[in-house]
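Number of protein chains: 2
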Amino acid sequence: MRIVVLAGGIGGARFLLGVRAVARETGADVTAVINVGDDVTLHGLRICPDLDSVMYTLGGGADPERGWGRVGETWTVKDELAAYGAEPTWFGLGDKDIATHLVRTRMLEAGYPLSAVTEALCDRWQPGVRMLPASDDRVETHAVVEVDGATRAIHFQEWWIRYRAGIPTQRFVFVGAETAKPAAGVLDAIAAADVVLVAPSNPVVSIAPILAVPAVREAVATGPAPVAGFSPIIGSAPVRGMADKCLEVMGVECSPAGVGGLLGARSAGGVLDAWLVDESDAGAQVPGLTVRAVPLWMTDEAATATMVRDALATVGVA
Amino acid sequence: MRIVVLAGGIGGARFLLGVRAVARETGADVTAVINVGDDVTLHGLRICPDLDSVMYTLGGGADPERGWGRVGETWTVKDELAAYGAEPTWFGLGDKDIATHLVRTRMLEAGYPLSAVTEALCDRWQPGVRMLPASDDRVETHAVVEVDGATRAIHFQEWWIRYRAGIPTQRFVFVGAETAKPAAGVLDAIAAADVVLVAPSNPVVSIAPILAVPAVREAVATGPAPVAGFSPIIGSAPVRGMADKCLEVMGVECSPAGVGGLLGARSAGGVLDAWLVDESDAGAQVPGLTVRAVPLWMTDEAATATMVRDALATVGVA
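Keeping their order, the protein sequence lines are chains D and W.
Under our numbering, the first residue of the first sequence carries the number 4, and numbering increases by one thereafter.
Under our numbering, the first residue of the second sequence carries the number 4, and numbering increases by one thereafter.
Worth flagging that the hints you see were computed from the coordinates, not collected in a lab.
Yeah, the Cβ is synthetic: ideal placement off N, Cα and C, and Gly gets one too.
There could be a bad hint or two in this list.
[To be verified] A short, non-exhaustive set of chain D residues, derived as facing chain W with CB atoms under 7 Å: (1) THR79; (2) TYR87; (3) ALA89; (4) LYS99; (5) ALA102; (6) MET110; (7) LEU111; (8) GLN129; (9) ARG133; (10) VAL255.
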């Protein structure tokens with residue numbers, strides 16, 4: 004069995020732990036197509052938060068308490084940069100993390116595409132799944148906001164970390180997406196997949212930027228594999244993160260049905276065949292989708308693996 | 004009084020502590036023209052060891068035990084780079100130090116010349132002397148060596164740190180020096196100086212690359228200010244570092260007279276008027292130079308300041 008997963012960062016990483024567990028039982032092959040919309044260059048370093056969250060989590064190097072970054076992280080370089088007055092100071096740039104960014108930046112500057120850089124970094128981490136960036140091109144999520152009476156576009160990281168999603172926001176823009184191509188391997192993986200899973204990641208700023216690459220969306224929407232998605236909303240609240248604030252910007256109801264409708268049924272121009280919602284949300288309906296209610300709390304790897312098995316059963320591939 | 008000092012890294016930094024002490028007594032203005040021949044790009048970071056040694060030492064941030072780098076330094080990033088297999092692993096890249104290199108690299112990539120970058124970094128360190136790189140252009144010391152039967156040129160840092168100056172070496176080359184221009188301010192400082200001091204830095208790989216910039220050498224050799232140099236050799240051994248190995252490559256005797264002769268008298272095409280040697284080397288002679296024997300061990304700032312006063316007196320400017 005070949006499984007393709009569309010995933011963002013922290014939630015996507017936790018979800019992939021469950022997918023990997025299922026794959027180890029069944030001998031399945033897993034390709035994770037990961038959001039690059041959060042990627043940013045700070046202090047001259049190319050930073051890919053979602054790729055790194057997945058790589059560190061699957062590689063056993065993530066901080067389980069903080070949820071992002073490396074376990075045992077230190078902050079010497081960040082403090083020193085602040086002592087120089089080097090902006091920005093709001094980004095959590097850890098010392099261990101910086102080594103990843105240095106290796107990545109150097110390889111990118113030498114001309115390697117991000118997919119090749121990611122593969123090289125994974126030589127160390129051995130995540131156990133194939134990790135592909137959604138695109139080797141720039142697809143950068145910006146928020147169009149009002150600050151001090153003026154409308155301007157700021158990078159998603161600035162909106163998310165500096166402003167804690169707490170400023171008037173008109174919309175999100177995925178800069179570069181329209182002309183971006185899928186990274187090498189993405190289309191082949193989707194075409195060869197037995198199933199495509201959409202992780203319970205932030206639908207607006209993790210999943211949407213992946214699908215904003217036209218050829219990725221088309222491959223998922225029209226490909227031979229059934230597509231099952233997982234609601235990142237339980238009841239009316241996100242499992243983690245600030246999906247509620249992102250959905251509010253989109254004018255989409257923060258509910259399993261709201262997000263399911265945003266992704267939409269393949270039969271109606273969307274990307275999903277099945278939609279898994281939490282058991283507490285049983286009865287939710289999305290036009291055109293098979294909706295199944297199962298426990299969706301990713302409390303541990305076993306619980307997450309059960310979710311994955313439920314999805315595979317729902318679309319008839321297990 | 005206006006004092007210009009030609010200086011390398013660690014020895015130059017210690018020497019400049021003494022110069023600054025004299026300047027504080029006398030109200031003199033000090034400009035340090037610092038070697039850039041050791042500068043190197045590693046892991047995508049632009050590293051200027053001599054500028055940083057001077058800046059950290061005069062700014063109170065240097066490690067007094069190790070002699071180079073920052074006090075209280077940590078090595079997290081270096082260990083992580085090694086875990087990725089990122090080469091080279093032989094360079095001592097500390098976490099605190101990396102912040103300096105990140106700020107510098109980012110500014111250089113934004114188009115600022117090294118002299119402007121150095122000034123910006125010094126905003127934090129307040130070294131108390133004006134620090135100028137010898138050149139904003141590339142002047143890079145390479146060693147022509149024999150490794151595994153082949154002749155090749157390696158960066159000075161590789162020769163010095165990786166090979167500990169312990170491989171057959173034909174000569175040194177200052178790549179780029181012939182077409183390099185002095186950094187902004189260097190020629191003006193030398194022209195306006197009341198005295199030029201040559202620090203007891205390595206004559207072959209610290210002082211020579213400064214003077215390899217044609218206009219710098221000409222300004223020192225033909226300028227109005229008297230030039231006094233300090234022997235980095237006491238007896239037949241360098242005060243610190245590996246000047247003996249560098250002199251051996253040059254075929255120059257490792258002695259105060261040998262180094263004095265290498266720098267030479269201005270009256271005979273060299274750059275010196277006076278040459279200070281250690282009191283234990285009294286009697287040393289260099290054609291065309293006023294040689295004075297005084298204590299040259301830079302045991303503390305006061306002893307170093309006394310050396311500086313001795314030099315000023317020798318050339319009649321104090």
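Hint check results:
| no. | hint | result |
| --- | --- | --- |
| 1 | THR79 | holds (4 Å) |
| 2 | TYR87 | holds (5 Å) |
| 3 | ALA89 | holds (5 Å) |
| 4 | LYS99 | holds (5 Å) |
| 5 | ALA102 | holds (3 Å) |
| 6 | MET110 | violated (9 Å) |
| 7 | LEU111 | violated (9 Å) |
| 8 | GLN129 | violated (12 Å) |
| 9 | ARG133 | violated (19 Å) |
| 10 | VAL255 | violated (39 Å) |
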